[in-house]
Every structure is written in C-alpha cells, then in structure tokens.
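Asker: Chains G and W supply the protein sequences, listed in that same order. Residue 1 is where the first sequence starts when you use this note's numbering, and the numbers rise one by one after that. Residue 220 is where the second sequence starts when you use this note's numbering, and the numbers rise one by one after that.
Calculated from the structure, these hints are not laboratory results. Just so you know, these numbers come straight off a predicted model, no measurement behind them. Heads up, the beta-carbon is just placed ideally off N, CA and C, and yes, glycines get one too. There may be inaccurate statements among the hints.
Per the computed footprint, the stretches of chain W lying under chain G, defined by three or more beta-carbons under 8 Å from a beta-carbon of chain G, are [to be verified]: (1) 271–284; (2) 300–306; (3) 342–353; (4) 546–559.
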Amino acid sequence: MHSLYYLVSGPLVWVSIALFLGGIIYRVVSMAKLARKKDIFVYEYWSPYYALRSILHWIVPFGSVNMRKRPVMTVVTFLFHICLLALPLFVFAHVILVKESWDVSWITLPETASDLMTIIVIGACAFFVGRRLFVPEVKFLTSPSDFLVLAIVATPFISGFWTYHQFAGYKAAAIVHMLSGEIMLAAIPFTRLSHMIFFPFTRGYMGSEFGAVKHARDW
Amino acid sequence: MNEHPESSAPKSERKIIVEPGVERGIAKLTPEKIEKTIRAVLSAEAGARFKTYIDTCVHCGLCSDACHFFLSHDRDPLFAPAAKLKQTIWEIVKKDGKVDEDFLRKAVEVAHSECNLCRRCSMYCPFGIDIAYMVMMMRRIVHKLGLTPQNMQDTAHSHSATYNQMWVKEDEWIDALHWQEDEAREEFPGLRIPIEKEGSDIFYSVIAPEPKFRAQLLYQAAAIFHAAGANWTMPATPGWDNSDICMFTGDHEMMGRLKKVHFETALRLKAKRIVTGECGHAFRSVYDMGNRWLGYKMPPIPVVHAVEYYHELFEQGKIKVKNKYKKPVTFHDPCNISRGMGLHDKAREVVRATCETFIEMEPNREHNYCCSAGGGVINCGAPYKIKRVEGNSIKADQMKAVAAKGAQVVIAPCHNCHGGLEDIHESYGVHMEIKFLSDIIYEVMEKPGQE
Chain G
1 MHSLYYLVSG PLVWVSIALF LGGIIYRVVS MAKLARKKDI FVYEYWSPYY ALRSILHWIV
61 PFGSVNMRKR PVMTVVTFLF HICLLALPLF VFAHVILVKE SWDVSWITLP ETASDLMTII
121 VIGACAFFVG RRLFVPEVKF LTSPSDFLVL AIVATPFISG FWTYHQFAGY KAAAIVHMLS
181 GEIMLAAIPF TRLSHMIFFP FTRGYMGSEF GAVKHARDW
Chain W
220 MNEHPESSAP KSERKIIVEP GVERGIAKLT PEKIEKTIRA VLSAEAGARF KTYIDTCVHC
280 GLCSDACHFF LSHDRDPLFA PAAKLKQTIW EIVKKDGKVD EDFLRKAVEV AHSECNLCRR
340 CSMYCPFGID IAYMVMMMRR IVHKLGLTPQ NMQDTAHSHS ATYNQMWVKE DEWIDALHWQ
400 EDEAREEFPG LRIPIEKEGS DIFYSVIAPE PKFRAQLLYQ AAAIFHAAGA NWTMPATPGW
460 DNSDICMFTG DHEMMGRLKK VHFETALRLK AKRIVTGECG HAFRSVYDMG NRWLGYKMPP
520 IPVVHAVEYY HELFEQGKIK VKNKYKKPVT FHDPCNISRG MGLHDKAREV VRATCETFIE
580 MEPNREHNYC CSAGGGVINC GAPYKIKRVE GNSIKADQMK AVAAKGAQVV IAPCHNCHGG
640 LEDIHESYGV HMEIKFLSDI IYEVMEKPGQ E
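Okay, chain W solo, but in the shape it has when bound (with noise of 0.2 Å):
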C-alpha cells in the first residue's frame, strides 16, 4: 500500500497489531461493501474543508516537529502528522475507496493509535491545515465499516446504552453522589451534594470515572463548592456524564445525542450556566464538536471548565488559602483546554494562588506535548498501550527536565492526560506525583468549620 520509494523507507518496520474487534468487523467486509461505504462517507461528509486540506497541502513536512510520535520515534517519516495522512484519507482519496483488508488493518492503527488528535501539528503546518480533522474522517469511515478497535466500541456501547462512559446504573451514580455527600459531612457537617435541585446557578457534570473509580474528586468539587458557598446541583438521570468517546470513535450521531441529553439535562434544571470536571475530551465535546454536531454555534446553555472556574472563585476571594501548597510543583496543559479554549494563563493563576513554587516545563501553554493518552488513544485499551507509551518518551523527557529543576508534582487538569502521564512515569521512571487542581485546593483551602 505504501507507495513511498525504498529510499524513504521508514526507520522501523510497520509490525500490525492484530486486534480481535478490528478482525471481526474486518471479516464482514467484502470490496463491494468497502468502496460504497467510503464513497458515501466521502460524497455526504467531505465538504469544502476536506478538499481544500488536500488540495492544499504541499508535502511540506513541517507538520512533523509538532508530532509527540514522531520526535519519540527518532523523527521516523511514518509518523510525521501528513505522513499519516498519506497512509490513510490520501490513499482513500487516491483509489475512490477501492482499498483492501490490509490497507484498512494499517489505517485503523494509524488513525485510533498513532494521532491523538491534540491539534499541535495545526499550530505548525503553515497553511494550518486541521490535521486531526482529516484523521478524524478516517476515523468516521472506521467507525462506518464496523472496524473500530473493540475496547473503544464498548466505551461507546456504554454511551448509546447508558448515556455514561463506564456502565453506570442509574442508582450506582446517586449511590456515589449520596455516598461521597456522607463521607464529606463527617468533615463539613452542612455540606450537601443537591441532586435535581432546580434554578441552580451552577450544573456541575462529570465524566463517569469519577463515580466509577475517582469518588474522591466528588467529595472534593463538593468541598471547593461548599467552601465557595456555590448555589449548584447535579441532575439524578442521565445526562450527568459529559464524556463522549463516540466523538473519537466517528460515531457523530451518538454524539450528537449524548451532548443533547446532556444539554437538555442542564435546562431541564433550569441551571444558569455548566460547571464541567476536571476533563480535557469532555469540554472539546460539550464545547467544540457535540455543539457543532446539534448546529449550535457555542453550547445552548454556558459551558465553563473547572479550571476557568476555580480561577473566577479564587478572583472573586470565595476560596481562600489556608497554607499554600509547599511541593514545588509543575503544570501539563491538556490540549483540549489549552489549545480549545487557551485556558493555561489562568490555570497558572490558580497555580500561583494555592503553591508556593511553581515550575514552567518546556514547552508549555499551547505548545505543550500531548500525554499520548487522548483522543480516545487510550480507550483502545491493552493491544495498543506499548505503542502508545513508546510513542511519547518526548513527553518523558520533557517531565524528567523539569523534574531535574525541582518539580515534584505535576498538576494537570484532566483525567486522560493523568492515564497518560501515570503510564509514562512508570515506564521511563519519572518520579513526579499526578495531581487534579481540585486536590491541590481542597488540601490548601480553609475549610468552613474547621480552625
């Protein structure tokens, strides 16, 4: 498939990693069924961005220094962000979707494993062509021939079945609420996490781990709250999950429902405005893509981000510091708060009003490596994590200077970066402690009731 010359030859050669989803769906597929698929996608969804990138694009290369795979793979071509495309949408383009089975093993590794979808490489291409959007159609034609690797089908399962990323029942969900409401009143005796309160200004929404296996970050938004005297609620039916893996997935149409359900949610409770966890892909759905999908310029009803919001209580002086936090520490910007919504300067505020030493990593802000875990990278579970850490020793290189500089705690706002960075860690010896923003300000705030 790869008509590149010899000389070019990539440094490594392309092992396939055999995926039992991807072979399943792929032994469905007959030639026929292949090129009617890709030619509908192409004909109904290609429009005038699509053609214009590919039309545009003048194999430059430029793109590549921006990509976290191809600086961890020793600048090996194969990686560079174009070089994907050319391994992918290009070569469907190419044949009018007349590919073959190998061709689409090769392009669903590339497209699911390979691009986190982080955007960095827009930030480098000169024509800033959406290179994450092109690999995203190929994702879409993925998702269209059943080819989707089958740990990231199942998260998105859970979205069409429940409406939550991690099977969540509904009474699992209020059990976490009332459960964590419980243990945090042992420590602020009137603090109450209110479900289903109407005309709140605030609907606070979060991504299904955090009931699942990160109860403690809702004790902890309850306590910020509670200490901020926040007039906030969360909704008991589904529409509570933010997260939305079917964006990364292709599957446009889930998407669409689930960013409905939870808008539709938040108005049934006639909040003023939603307060969203400490997500990176969550906010990039509720406020970038699932709006765009419904035909919503921006979010029908307010949509801040916790860290925009943490930085407004502490601007306000509704959260005050108790002790400042005495760890020097670091803070990883997410993409999908830096780079889609340029939330890093007051993430620094924050930063600066609750630590005693902070510590810049490099690059930063916007120019931030990836954590290689976004993008619903690593949803696709166990066949791909090697691949996925291996591609991103630049991250652990990164984390391992600044560390050299005193840093011993990296601050990063957003659960997929955190699976990211703690697999990263392990593998090349980082030795850093992971933290949410929301655990630096519980431990440092002055708690109500409390001396």
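For reference, chain G alone in the conformation it holds in the complex (with noise of 0.2 Å):
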C-alpha cells in the first residue's frame, strides 16, 4: 500500500502532467499543421475579434439562444465546468501541498463551498448519465465511450470526497482519487475530454466564419 501510494503521489503525478500538457501541445500543433496543409482558409477567415465575439457569447451562462431554451441545462453545465476547473486548483488540500512542496500557495476555497462544489460536479455527472439514458436524441448519440469519459471525470470527485470526510476505506480511497484525478487529466487530450483544448478553435473559426465573412450572429 505504502509503495503504490508513493507511486501515486510521486512519479505519477509528473507522468500525467506530462501527458497533459505534452498532450495538449501535441494536438494543438498537429491540428494547425493539418489546418495549414488542408484547410488553409481557416487562417485566412480567423479574425480573433469575431473569434472572441461568439467565445464570449457562449461561455457566459445564457449568452445563446439555445442556452436560454434550456435553463436547466445551461445551469447544470456551467455549475458543472466551473467547479470542474476551479476545485482541484483552489481546493486546501491540493494547495496546502504544493505549499509544502515548493512553498509557494495562493487563496483557497472554504471547506464548506468545497465540498459543495464536489457534491456539484457528481450531481452534474449523474444528471449527464441520466441525459444519455433517458433524452431519446442523446441517448442515440451515446456510445459507451461517452459513459466512460463521465466516469473517468466523476471517479476523482467520489474519491476526493470520500477521503475528505475519512469514510471507511479512506486511505484507498486516497489512492484511488489520486490515481482516478491523473488518470483524468492524462485523458484530457486524447479523449473526448479534449473539447476543453478545442473549444476555443472550433467557436471562434465559427465565429470568425459566421461574423467577418457572413456578417451573421452564431449564438
């Protein structure tokens, strides 16, 4: 147990860091080196004003007309996506470790809204689940792979809580969360998890598209 553990929170962490960010580099560059190959009009229409435009209206919570027909989805997913980044960045634990590691910290969150933010983004992923099983049109969109993207996200938060609150089995639990949470962002880049990397290339060439060249809203 001792020595998984130090695995866990040692050379792991660097490994899925690693992945992370190396991954991220990786898709970002062969995607522009492709686009500049293939689809040379991308970087031609690109207009970083009409590219910002349509990001902005589509990461404010009910900033498109679709996101106001669905409120309680718009509410689910924001509440989701913000606590998503913002809790393992701002939580005490994590930053209390970094503190120790390299002495350097910055504000955290309260315990209470921390473990309201948890309750959060495990709700969020069971309201997701419900989505695929029940909603007729995305049921038939859902693919297994999509479930296992939701429990790659949710696992990280269920262990994190469980060892917060020292349930039984907390100490695997640790092991668990810390495994599960670089598990999760080794995925970021090659899962579907890899909307976070995209989204801002996918919008605003719509964006850019939509506004300087058809002179159209796209949200």
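Both chains are sitting in their own frames, so use the hints and assemble them into the complex.
Answerer: Written as structure tokens, this is what we have:
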C-alpha cells in the first residue's frame, strides 16, 4: 500500500502532467499543421475579434438562444464546468501540498464551499448520465465511451469527497483519488475531453466565419 | 448498421426510398471500390476541421432543437443533426470505408434528403461544429461513388454541359432577354436589357429558372434597373447563370468551373461588380464556397445580392415608392443570405419602405426555420418530395402563426424558398401568397414615364 501510495503521489503525478501538457501541445500543433496543409482558409478567415465575440457569447451563461431554451441544462453545465475547473486548483488540500513542496501558495476555497462544489460535480455527472439514458436524442448519440468519459471525470471527485470525510476505507480512497485524477488529466488530450482544448478553435472559427465573412451572429 | 441500443430506437422505422439513380450506381460498386473511393476522399480532403469536429463532438444532442426535420418528426432522434452524422460520416470513419450497400443507400438518403445544409445547427452546437460541412463531406463521397439521386445529378449534368442548371441553350437565353425587353418596352418605352455591354457598373446574373419559367423576374429586374437609372448588363455567353447544384452534389471540380466562368464573364465585360438575383444558394456558391474552391478568399469582383442592392437603391433614393403595398406582409429569411450574409435587417428596411404593414414571424433572422427545399433537397425530385414536406411541418406551424396575426403575404427573396414554401403551403393549408421582394418593389415603385 505504501509503495503504491508513493507511486501515485510521486512519479505518476509527473507522468500525468507531462501527458496532459505534452498532449495538449501535440494536439494543437498537429491540428494547426494539418489546417495549414488542407484547410488554409481557416487561417485566412480567422478573425480575433469575431472569434472572441463568439467565444464570449458561449462562455457566458444564457449568452446564446439555445442556452436560454434549456435553462436547466445551462445551469447544470455551467456549474459543473466551473466547479470542475476551480476545485482542483483552489481546494485547500491541494494548495497545501503545493505549499509544502515548493513553498508557494494561493487563495483556497472555504471547506464548505469545496464540499458543496464536489457534490455539484458529482450531481452533474449523474445528470449527464441521466440524459444519456433517458433523453432520446442524446441516447441515440451515446456510445459506451461516453459513459467511460463521465466515469473518468466523476471518480476523482467521488473519491476526493470520500477521503476528505474519512469514510470507511478512506486510505484506499485517497489512492483511488490520486490515480483517477491522474488518469483524468492524462485523458484530456486523448479522449473527447479534448473538447476543452478545441473549444476556442472550433467556436472561434465558426465565430470568425459567421462574423467576418457572413456578417451574422452565431449564438 | 445502426449500432444504437434498442431502447433508443427511433420513433419511426426507416423505410429506404428506392431511387433509380442510386440503385444504378450501387449496381456498379464492389466492396473494393467503395473502400478505395472513401479512403481516397478521407485522406485527400478530410483535413483539420473534419478531424477536429469528429473529436470535439461530445454527443450532447444540443444541436437537435435547431433542426426542422427533428422538430417536425416529433423529436425523433434519427433526425437530430448529430444523429445524421452518426448514421453517415462517423460510421464511415469508424469503419475506415468498409461499409456495405445498405449502409450507402441509407447514407445517401440521410445526406441528400434529410439535411438542407442550412447551418442552423451550427448556432445551436456549443462548439460551433459545422455539421452541414460534415454532411457535405458525405455527399462528396456519394458523388465520388456515383450514387447521387438522378434528378439532382441531371441538374449537375446540365451545369457541366451548358454552364446553366436547366439545359437552357445559348440562343434561348438571349431570346428570353429580348422577349422580356420587348414586353417591358410597352410599359417603359426607353427600357433596354443591355446585353454584352462593356464597362457597366453592374453585371446582373440570375439562375436558369428565370429564363426558363419565371421570366417575369427578368422583366421586373429590368424595370427596377430602368427606374433606378442603373448602368447594367447581362452576358450573351455562358456565365449568366450563377446557380450551382454541383456545390450540393459534392462535385467541387464542377462547382469551380461554374464559378470560374461566372467570374470571368463579369471580368471580360469589365463590370464593376456582380449583382445576383433573388437566389440564396447561388449567393452561397459565389460568395462562400465556389470562390473558396478557386482559391479566392473573397470573390475576385465584388458580389452583391439583390436584397442588398435594393436596400442601396432605397437608401440612395433611386427608387421612389408611389403607394405602399397594402396587404400585411411577413418576411422569410433565406438561410444563405441571413446566416450566409446577414442581410436580414437590410431586407426588413426594404420591406418597411415598400409595405404598409409588416408582421414578424417567429423565429426570424438567423434563427428562421429553413424552407426544407434548399441544399439541393428539392433538386432530388419527386421520390423525396413527401419526405421533404413531412420534414417541415414546423414551418407550416410558423406560417400559420404569422397568418393568424394577420399576414397575407410572405416575402421570400430566394427561389428555393419559393419552391419549398409553395409545397408547405399547399400540403398544410397555409393561406398566404408567396412573393419575391422584386414583385413588391415593381408593384409599388414610381414608374418612369407614367403618371
């Protein structure tokens, strides 16, 4: 157990961070190269102003018609993504680890907030599973890998919650927490979680084409 | 082929429409040919956009509510935009081209008769995935395999043989212009339809249905140019037709030839700019896709759609309104000039300048529902007509709602939209006249030489 603990809390952290950052660079560079070769017009039409205009409309809650049509989905998905990104960065336990290692630290979330945000992430994952099971148009598109992706995202939060509250077997849960977090990080560039990387590009390109060429809104 | 779980079964069983052109094409295929052709297209043409769109789609289904087919089919998951990709191009990528004839029959039907390439779904997808582009990639493969529905392919053949979409012969074209000039000179004695005039301000191009069976549109355009004192011309040679069904069959090479002859004819006549008639897809071809295929970021000569030109005429006071149009009107935004060019507000200004009462339909502007005829769907002809009309009951609901508010006339500045809306109106009992913007302008404008 101890050697496993040292493995997941030591070398694997670095491996996952390397895969995460290296993977992002690899995906973006290969996309950019391929676009240069086969979709040169993407560079020609790309407009920072209109790309940003579109991105802003889609990262502000209720900024698009479709978001306003689906208020529940909008609230859930925004809360989910905000908590998903903010929690790992600002949860006290993570910041303290960084401080102990390198003596740098930043603001941390109050513990009740962290707890609530974890529950939001887990609840949102359950909501997304529900959509995949019960909303016909989502169900039709769903493949097993979509559930796997949700599992990859939910596990670090469930196990983190478990560890923090020291439920039965929390020492094992801590290992699961670290390992699943590392898996998630490493999976981002290589699974559909890569939508995190590509969102600014796909949205920005559509915004550029709609805005700069077609003089229309795309939200 | 459908690998979706049982419980998400579509609401209606898919019955494949047997189409003679598709069947003839299928009879000539072998598994090796299918695989080779598909792989050739994917390796040569599927670039970064294609790949990124496939990897980025998170299968959330949020594009569904954008699609008139989905909404009209009682939210049948088979008709959601992403579902159309799942049934076509995703499967092709997953199997790396190893697909069978039954799959291809279904893929042709999905790509050619269940998507108008209207791009409304790009505005509903959080990632801005250009689903229409992905459907077009499927059509490109269908074209390369020789499976394009025969009606549509016939139009494409006409394009390649005559450079116009309706087998109009060169003398027939010139004759149509002379005929309309003759007719119009009774009403406007000094009117000309200037043919082959060099150095004009405007090179006016139309689609082949105008000389073929909507010649009054040539008459009206000539009357408007005449009243505005415009310096304009039309060519006597091929290049007068700006339409492009090859763009929709995926015959990009032919699309390029068509646009080249169109641009070069305007340049040969040393015109300052091209004004296109009230057609949506032609504008998309000239301004968006054809120029891009030829390597022009923007067309080599400025291109203006009729709606924008009319707007300019009213803004500059070149056309004066005698009596505004009395009947209450509504306005249908064609996808290719609204989502394709943002002309919705200019169109409304022209409508307000010419009509007494204007009533908005909901949704409108970029969010208007497609007519279900565009994207080459109407060109696939009779075998798919019922499907096309059934796939757009939501349009009938939208029309009935605006008719209930008092609208008696719907203005649609696009030929395809007219074809689509006529079928919708007839099939669902919508009682509104359908007009072009030029019908209205011609009717209300001050006509030179008349009291």
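Asker: Now, for every hint given, state plainly whether the structure supports it.
Answerer: Here is what the structure says about each hint:
1. 271–284: Coverage by chain G holds for the region 271–284 of chain W (12 residues, Cβ < 8 Å).
2. 300–306: holds (count 3)
3. 342–353: Coverage by chain G holds for the region 342–353 of chain W (7 residues, Cβ < 8 Å).
4. 546–559: holds (count 3)
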